[in-house]
Amino acid sequence: MVKPRIIPCLDVKHGRVVKGVHFQDLKDAGDPVALAVKYCDDGADELVWLDIIATVEEEELSLALIQRAREVLTIPLTVGGGIRSIRHVEELLEHGADKVSINTYGIEHPEILSHVSRRWGSQCLVVAIDAKWEEDHYQVYVHGGRTRTEHELGDWMRRAQDLGAGEFLLTSIDRDGTQNGYDLPMLRYARQHVSRPIIASGGAGRVEHLTEAIREGQQAVLLASLLHQNQTTVGTIKQSLLEEGIDVRWPL
Amino acid sequence: MELAVIDYGNGNLGSLLAALHRLGQNPHVIHQTTDIVPVEGVIFPGVGSLEEVVNRLRHNGLLPWLTDLRAQSTPILGICLGMQLFFEQGDEGGEGLGWLKGNVPSLQAPVLPHIGWNDVTVTDHPFLWHNIVRPIFYFVHTYRIQPHEAAIVRGITDYYESFPVAIESGSLYGVQFHPELSGPNGTRLLQNFLEVVETYGNMASR
Numbered sequence: 001m002v003k004p005r006i007i008p009c010l011d012v013k014h015g016r017v018v019k020g021v022h023f024q025d026l027k028d029a030g031d032p033v034a035l036a037v038k039y040c041d042d043g044a045d046e047l048v049w050l051d052i053i054a055t056v057e058e059e060e061l062s063l064a065l066i067q068r069a070r071e072v073l074t075i076p077l078t079v080g081g082g083i084r085s086i087r088h089v090e091e092l093l094e095h096g097a098d099k100v101s102i103n104t105y106g107i108e109h110p111e112i113l114s115h116v117s118r119r120w121g122s123q124c125l126v127v128a129i130d131a132k133w134e135e136d137h138y139q140v141y142v143h144g145g146r147t148r149t150e151h152e153l154g155d156w157m158r159r160a161q162d163l164g165a166g167e168f169l170l171t172s173i174d175r176d177g178t179q180n181g182y183d184l185p186m187l188r189y190a191r192q193h194v195s196r197p198i199i200a201s202g203g204a205g206r207v208e209h210l211t212e213a214i215r216e217g218q219q220a221v222l223l224a225s226l227l228h229q230n231q232t233t234v235g236t237i238k239q240s241l242l243e244e245g246i247d248v249r250w251p252l
Numbered sequence: 001m002e003l004a005v006i007d008y009g010n011g012n013l014g015s016l017l018a019a020l021h022r023l024g025q026n027p028h029v030i031h032q033t034t035d036i037v038p039v040e041g042v043i044f045p046g047v048g049s050l051e052e053v054v055n056r057l058r059h060n061g062l063l064p065w066l067t068d069l070r071a072q073s074t075p076i077l078g079i080c081l082g083m084q085l086f087f088e089q090g091d092e093g094g095e096g097l098g099w100l101k102g103n104v105p106s107l108q109a110p111v112l113p114h115i116g117w118n119d120v121t122v123t124d125h126p127f128l129w130h131n132i133v134r135p136i137f138y139f140v141h142t143y144r145i146q147p148h149e150a151a152i153v154r155g156i157t158d159y160y161e162s163f164p165v166a167i168e169s170g171s172l173y174g175v176q177f178h179p180e181l182s183g184p185n186g187t188r189l190l191q192n193f194l195e196v197v198e199t200y201g202n203m204a205s206r
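One line per chain: the protein sequences are X and S, in this order.
Just so we're aligned: 10 in full-length UniProt numbering is position 10 of the first sequence, and the numbers increase by one with no gaps anywhere.
Just so we're aligned: 20 in full-length UniProt numbering is position 20 of the second sequence, and the numbers increase by one with no gaps anywhere.
Mixed in with the good hints, there may be bad ones.
Okay, the calculated bits of chain X under chain S, using three or more residues with CB under 8 Å as the criterion [stated by the list, open to error]: (1) 6-12; (2) 93-100; (3) 115-121; (4) 129-143; (5) 192-202.
Pair ranges (Cβ atoms, derived) [unchecked claim]: (6) P38/S to V56/X: 38 to 48 Å; (7) H137/X to T67/S: 52 to 62 Å; (8) Y160/S to G245/X: 14 to 24 Å; (9) H109/X to S106/S: 21 to 31 Å; (10) E71/X to E195/S: 21 to 31 Å; (11) L63/S to E134/X: 47 to 57 Å.
Treat the hints as calculated values from the structure; they're not laboratory data.
Note that the structure is a prediction, hence the values are computed from the model and not measured.
Every residue, glycine too, gets a C-beta built ideally from N, C-alpha and C.
This is chain X alone, in the form it adopts within the complex (with noise of 0.2 Å):
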């Protein structure tokens, strides 16, 4: 069977890697090549590499370290952030990456994501969505969690199923950066409106969240700030989960 992916998230700015709690207070964490690497070598999965890109000099950037990182790394890497257009698509297909995450511009112009999946395939395609509980269900929200939009999170899935994602990234902003572990109760309800893969985002502070998300059946967990403020390394949770019982990807 399949095994659980441990995926480390780089969120990178201006060519640094950078963290903070609920989307603010972004804190320097790095070279992204050299944590990449770093992350390679001690057993992630695969990489997400989340960038936060204004101008063209930083895309500029952000290409020529994506073609760097590729250089050396021997694990799937997908990259998101700012994608507004086919060509940017392209461009970042052609310097390495092996997915794009699409999140603002694919609510606000859907047809991008049926372009992209049309043309390189839905494997390609990894549909990124920032949600929130409101009330009584599951709000979408864009612009790294600060615009609300006008979806609701399972009507939103299943739309860009139609549209060709070939997997979700589902970040839970009540979670994100608390350390207080994945948000359980999202993940069930996503998993009822799609039948793509689901990577499971925002929370993970101990590798007990891991256990919990992965033996609930969650087959893909986003690792950030864990990783980050070098409390551990993938390595590291690795094997606490195969001491778990939890059949991940060992020895590499």
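Fit chain S to the given chain X structure using the hints.
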């Protein structure tokens, strides 16, 4: 070594080319007939859809060249869709090259694509498994092969059902997983294919 990587026109060969560069290779990327050079080995990468890729190969005039290479027993490695291409028919009516008898149906599973690292149970035939102690590889696919001849199968994987993920038939080698994304195991498998190509090249030049 003169190695060709077929470019179906989507431009996302980054990981495969990077993996080959790390192994000291500088492959020829072949997109159309004007790119054609004499080669000792070919890799069919694994991105796109069956129907679209065969149409591209036909449209770009590469089919006669590839058919000749196959007739000359040039080693050819198909990765993921690149392996599915060797067979006759896909689920959605897309046609493959028909080099091997069999179909390419969809996997039967509640969550698709099958994405992630999975164990491969290998057969005891010699294949590209040399020096791979624990065969775990990275998969991304919705379709799988269903070869008519069981004798060509070299490995099997489970994802809600059991299915063949590695085949060898004469000079054709195929893997459903992505060696270029499969860490040290994948690197070794590519290295093993390059050794097959090297042996073939030496024989051909004699």
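For each hint, the structure was consulted:
no.	hint	verdict
1	6-12	violated (count 0)
2	93-100	holds (count 6)
3	115-121	holds (count 3)
4	129-143	violated (count 0)
5	192-202	holds (count 3)
6	P38/S to V56/X: 38 to 48 Å	holds (42 Å)
7	H137/X to T67/S: 52 to 62 Å	holds (57 Å)
8	Y160/S to G245/X: 14 to 24 Å	holds (21 Å)
9	H109/X to S106/S: 21 to 31 Å	holds (30 Å)
10	E71/X to E195/S: 21 to 31 Å	holds (23 Å)
11	L63/S to E134/X: 47 to 57 Å	holds (56 Å)
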